[in-house]
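Start from chain A and add chain B according to the hints.
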Amino acid sequence: MQKDKSADSTSLLSKNVRIEGEIQGPENLHVEGHIKGAVVLAGDIFIGNTGIVEADIEAKNIIIQGEVTGNVKAHRQLEIHPTGKLIGDCSAASIDIKEGAVFEGRSNMIKSSPATGPASPLKDSRTSQNPKQSPS
Amino acid sequence: MASFGKKKKENKPERTQTTSSQNETSYFGKDLTIKGSVSGNGNVIILGKLDGKFNLRGRVKIAQPAKIKGEVRADVISVNGVVQGSLIAKERLHLDQTARIEGQMATPRLSISEGASFDGEVKMSDSSPKPSMAPAEGSAAIAQNKTAPAKE
Numbered sequence: 001m002q003k004d005k006s007a008d009s010t011s012l013l014s015k016n017v018r019i020e021g022e023i024q025g026p027e028n029l030h031v032e033g034h035i036k037g038a039v040v041l042a043g044d045i046f047i048g049n050t051g052i053v054e055a056d057i058e059a060k061n062i063i064i065q066g067e068v069t070g071n072v073k074a075h076r077q078l079e080i081h082p083t084g085k086l087i088g089d090c091s092a093a094s095i096d097i098k099e100g101a102v103f104e105g106r107s108n109m110i111k112s113s114p115a116t117g118p119a120s121p122l123k124d125s126r127t128s129q130n131p132k133q134s135p136s
Numbered sequence: 001m002a003s004f005g006k007k008k009k010e011n012k013p014e015r016t017q018t019t020s021s022q023n024e025t026s027y028f029g030k031d032l033t034i035k036g037s038v039s040g041n042g043n044v045i046i047l048g049k050l051d052g053k054f055n056l057r058g059r060v061k062i063a064q065p066a067k068i069k070g071e072v073r074a075d076v077i078s079v080n081g082v083v084q085g086s087l088i089a090k091e092r093l094h095l096d097q098t099a100r101i102e103g104q105m106a107t108p109r110l111s112i113s114e115g116a117s118f119d120g121e122v123k124m125s126d127s128s129p130k131p132s133m134a135p136a137e138g139s140a141a142i143a144q145n146k147t148a149p150a151k152e
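The listed protein sequences derive, respectively, from chains A and B.
Under my numbering, the letters of the first sequence match residues 1 to 136, in that order.
Under my numbering, the letters of the second sequence match residues 1 to 152, in that order.
Only chain A is shown next, with the shape it has when bound in the complex (with noise of 0.2 Å):
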């Protein structure tokens, strides 16, 4: 049984809003806008119809409305609804996708092992794509 710690706070990410770069932490997030970098959470985040993300994304449940456009990792589940988009490799705990719904990629199921416990924002498997700019 997993800890149904849900994050009690859920950024928003408007419309007409974008953002280039790095978002973590453990929150929740709502993207109706566009985002292009990575997004690592320790909480859900929710695609909505108008969001855009160009990103690889981790977190614990993605819910997918809009499109996305990188490789997504669920700790638990993954949500393509019918009017959402998915380009790029997935992998999940479980995977729940719509009639309708557009996914071009692999699928790669997390066996579940509960014991590792509540996401933890920082996995050590992204140290591949750090672009390490320093602020000078």
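Nothing false has been slipped in among the hints.
Straight-line alpha carbon distances no greater than 20 Å define the calculated PhoX-like cross-link-like pairs of lysine-lysine that follow:
| id | chain 1 | residue 1 | chain 2 | residue 2 |
| --- | --- | --- | --- | --- |
| 1 | A | K36 | B | K53 |
| 2 | A | K15 | B | K53 |
| 3 | B | K53 | B | K90 |
| 4 | B | K30 | B | K69 |
| 5 | B | K53 | B | K67 |
| 6 | A | K98 | A | K85 |
If you only want the chain A side, here are some residues facing chain B, beta carbon under 10 Å, derived:
| id | residue |
| --- | --- |
| 7 | N16 |
| 8 | I23 |
| 9 | G25 |
Quick caveat, the hints were computed from the structure, so don't treat them as lab data.
Every residue, glycine too, gets a C-beta built ideally from N, C-alpha and C.
Showing chain B alone in chain A's frame:
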């Protein structure tokens, strides 16, 4: 008691919460860290951390737990949090009591509440193309002499 209609437990997956995008205010919670740039049209409230740039047409509110490193450009900026870098407001800029700023500010209208801390420099040229409004009313703005002639 007549039960009017059974509780139909039809699980509706479509939670139509997308209508909430009516108000165009983005909200970044206190545990969210953003590295990079945020741009576009709309208002933003940030409580978390930003390492990078804001470039927005709209209002930006930097609430108390927020920490910004970098540059913030917007029409209206109000600060309760911590900023290291530059704040450039096209219309007006307000530092509230809990604001702590290190860096540059540029705005045509400035107000600073008692208790705010500000280390750096301000520029108050009226570079914003605003024909109707008088540049600095005594109430909020620290009126500087309008040195620069109006340039387009």
